[in-house]
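Keeping the supplied structure of chain A fixed, place chain B upon it in accordance with the hints.
Sequence lines, in order, name chains A and B.
Residue 61 in this note's numbering sits at position 61 of the first sequence, with consecutive numbering throughout.
Residue 54 in this note's numbering sits at position 54 of the second sequence, with consecutive numbering throughout.
Treat the hints with care, as some may be off.
Label pairs and their in silico Cβ distance ranges [claimed, not checked]:
| hint | chain 1 | residue 1 | chain 2 | residue 2 | range |
| --- | --- | --- | --- | --- | --- |
| 1 | B | Lys205 | A | Arg188 | 34 to 44 Å |
| 2 | A | Pro52 | B | Ala143 | 57 to 67 Å |
| 3 | B | Gly200 | A | Pro119 | 31 to 41 Å |
| 4 | A | Arg66 | B | Val110 | 23 to 33 Å |
By construction, these hints were calculated from the structure, which means they are not laboratory data.
Built from N, CA and C at the ideal position, the CB exists for glycine as well.
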Amino acid sequence: MLIRHKKPSDVASHEITPESVYLDRRRFIQASGLIAGSMILGAPAGQAAVMPAKGGQFADVTKGYRKLGENDTPTPFESVTTYNNYYEFGTGKEDPAENAGPFKPQPWTVTVDGLCAHPGTVGFDDLIKPHALEERIYRMRCVEAWSMVIPWVGIPLAEIVKRFEPLGAAKYIRFETIVRPAEMVGQRSAHILPWPYVEGLRLDEAMNPLALIAVGLYGQPLLNQNGAPLRLVTPWKYGFKGVKSIVRISFTEVEPKNTWREMNASEYGFYANVNPKVDHPRWTQATERRLGGGGLAGILEPRRRTLMFNGYEEEVAHLYDGMSLTKYY
Amino acid sequence: MSAEISPASAGAFTWDRAWRGALKPVVFVLCLMPLLWLIVRALTVGLGANPIEAGIRYLGDWALRFVLIALAVTPLRIATGWNIVARLRRMLGLFAYFHVVVHIFGYVGVDHFFDWAAIGNDIVKRTYITVGMMALVMLTPLAITSTDGMVRRLGGAAWRRLHQLVYPAAVAGVIHYFMMIKAGYQEPLLYAVILAALFGVRIYKKWA
Chain A
1 MLIRHKKPSD
11 VASHEITPES
21 VYLDRRRFIQ
31 ASGLIAGSMI
41 LGAPAGQAAV
51 MPAKGGQFAD
61 VTKGYRKLGE
71 NDTPTPFESV
81 TTYNNYYEFG
91 TGKEDPAENA
101 GPFKPQPWTV
111 TVDGLCAHPG
121 TVGFDDLIKP
131 HALEERIYRM
141 RCVEAWSMVI
151 PWVGIPLAEI
161 VKRFEPLGAA
171 KYIRFETIVR
181 PAEMVGQRSA
191 HILPWPYVEG
201 LRLDEAMNPL
211 ALIAVGLYGQ
221 PLLNQNGAPL
231 RLVTPWKYGF
241 KGVKSIVRIS
251 FTEVEPKNTW
261 REMNASEYGF
271 YANVNPKVDH
281 PRWTQATERR
291 LGGGGLAGIL
301 EPRRRTLMFN
311 GYEEEVAHLY
321 DGMSLTKYY
Chain B
1 MSAEISPASA
11 GAFTWDRAWR
21 GALKPVVFVL
31 CLMPLLWLIV
41 RALTVGLGAN
51 PIEAGIRYLG
61 DWALRFVLIA
71 LAVTPLRIAT
81 GWNIVARLRR
91 MLGLFAYFHV
101 VVHIFGYVGV
111 DHFFDWAAIG
121 NDIVKRTYIT
131 VGMMALVMLT
141 PLAITSTDGM
151 VRRLGGAAWR
161 RLHQLVYPAA
171 VAGVIHYFMM
181 IKAGYQEPLL
191 YAVILAALFG
201 VRIYKKWA
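Here chain A stands alone, though its shape is the one from the complex (with noise of 0.2 Å):
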């Protein structure tokens, strides 16, 4: 790619810390964990709000999981924040980088129901606070049959949902997607999807050390076309139940109906585990495209096996024991 498109959303690119500068200041972080740690340790406890300033990093990520295959390289930043199935913003690719600006992810709360000990609204930085930031970084794959690498900042699942203790009689959790058509285009029309967007997870899914509740990317705060401020990464699922700028979490003890099974429940089901031997009706999944940074060599790179559970079923085969995959897709 000779010259980039522009587009008024856009962070300057004097904001985005190149890919490469980036993995080596993560190196030199690493490196200098007594310098890092001695700076989170000279932070007022209880005074700083989790989220730098406007375009800055995030200062205390440690290094969490990062299984990656051979030709696993992070998806670069430009393609990570501009290619987007987000249909609160549009249902164009390029839509909610185009249309996500008026969105306003700061201050923002999360309700907590259903069967749990400790029900309730809490804020944004009160839930994530308690919590050390990690760094993980996921194979992402679409239903679409296209796939990123991408290094996520956020916490593990298990941590939140512990802290509300879930009850006995919990069998699921089930997230929603804000619901705020003044600053989400595609929400004022309802031919689209039905809002709010819905997600969940059998509890022992969302206990598995892989899912992630994300808030920011590329060590920096998720901007708004990738789910802020908070939203939910399960690497071994497709990416539509990766349910973004949520609001709401509920534990409950039927199967949530999710929205894209509601949608059409011949094609998307309930589970959505990467597959490559259980086709969508639509996209093969055996074969995936990875994508870069766009450009010809992208164009000349050819497809490259889907693998199952996204290449995390060491981590994640255990729970699906027994059952029928082709059954429950």
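For chain B alone, coordinates are given in the frame of chain A:
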């Protein structure tokens, strides 16, 4: 007007003649613009994070648009009495076919890199691809028989009957578009409405 007579043309220069002569070359150049624009963008600003998908969809959009433009020639002639536009019909039809072929090459040759097993699987299993390929199958004999020689060989009546395949092919194209979309059907709906209107003019003309 000057009355120079060139050896090549028997008639004198008139503005009417000039624009009649220029119509086809001008439209020809205009019809090349969408593909040229795609190439220029691919080589300069790029086609976004997923350039293959972007290119295939862009070419698919234009294939469908050219089918509708070619189908608009006769209704336009009926509505306006501009008989000259009939001269553009074959060229526009061939441009439609050209864009269909490049669109499908994007899928077969670039996206799947001639992985015939995967492509065969797609055609059988994925209805929107089946329907799209049906449109290609229906349009191919029309492109082959588009020459004057073929019209003569087939005879006008048989040729016209064969070329009615463009109608089911156009419907298949619109259905193909509807089926590949997950949600938000405004755009394919627009194409469906235009196609219905073009059919409407013909039906009205036939029965009125």
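- Report the numbers of all earlier hints that the structure fails to satisfy, in ascending order. 3
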